[in-house]
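Produce the complete structure using the sequences and hints provided.
Under this note's numbering, the first residue of the sequence shown is numbered 52, with each subsequent residue one higher.
Simulated from the structure, these hints should not be mistaken for lab results. Because the structure is a prediction, the values reported are computed rather than measured. Any given hint could turn out to be false.
[Unchecked claim] Restraint-style ranges between C-beta atoms, simulated for each label pair: (1) Phe75 - Ile110: 11 to 21 angstroms; (2) Lys68 - Leu136: 40 to 50 angstroms; (3) Asp104 - Ile82: 13 to 23 angstroms; (4) Leu136 - Gly111: 17 to 27 angstroms; (5) Ser63 - Asn99: 39 to 49 angstroms; (6) Asp54 - Glu137: 13 to 23 angstroms; (7) Lys141 - Leu67: 34 to 44 angstroms; (8) Asp127 - Gln66: 20 to 30 angstroms; (9) Gly111 - Ile143: 22 to 32 angstroms; (10) Gly96 - Lys64: 40 to 50 angstroms.
From the three backbone atoms N, C-alpha and C, an ideal C-beta is built for every residue, glycine too.
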Amino acid sequence: MNDQTRVKEFVSKYQLKTSIEARFLDLVSEIGEASKEILKGSNFGKDNLKLKDSWVYEIGDIYFSLLCLCNLTEIDIEKSLTKVLEKYKKRIDTSPGFEPGSRN
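Shown next as structure tokens:
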């Protein structure tokens, strides 16, 4: 069973279904919480980043919320990722002077 199906079954079992709008706002909120962890872990950009153990949960929250949103909007996340990787590859392949590791 893939992650998207696991999340779908979990949401159904625990009656966590909500609207697309609410789920999107939840995703944005979770990204905000992860951003706060980065700010705190770097002393607001003054120090080298030191992530706490809670980072794994923040990333998990983002992933869960994203998969919920995909389920609500009938997007297969694996197919979506494949399409995006193909798009990036095409962009890279047609970009003159592209060097791996550069920020072109």
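Now the hints, each set against the structure:
1. Phe75 - Ile110: 11 to 21 angstroms: With Cβ atoms ~18 angstroms apart, the hint holds.
2. Lys68 - Leu136: 40 to 50 angstroms: violated (30 angstroms)
3. Asp104 - Ile82: 13 to 23 angstroms: holds (19 angstroms)
4. Leu136 - Gly111: 17 to 27 angstroms: holds (23 angstroms)
5. Ser63 - Asn99: 39 to 49 angstroms: Given range 39 to 49 angstroms: holds, Cβ gap about 43 angstroms.
6. Asp54 - Glu137: 13 to 23 angstroms: holds (21 angstroms)
7. Lys141 - Leu67: 34 to 44 angstroms: holds (37 angstroms)
8. Asp127 - Gln66: 20 to 30 angstroms: holds (24 angstroms)
9. Gly111 - Ile143: 22 to 32 angstroms: holds (30 angstroms)
10. Gly96 - Lys64: 40 to 50 angstroms: Holds - the Cβ-Cβ distance for Gly96 and Lys64, about 41 angstroms, lies within 40 to 50 angstroms.
Against the hints set out earlier in the document, a violation occurs for number 2 only.
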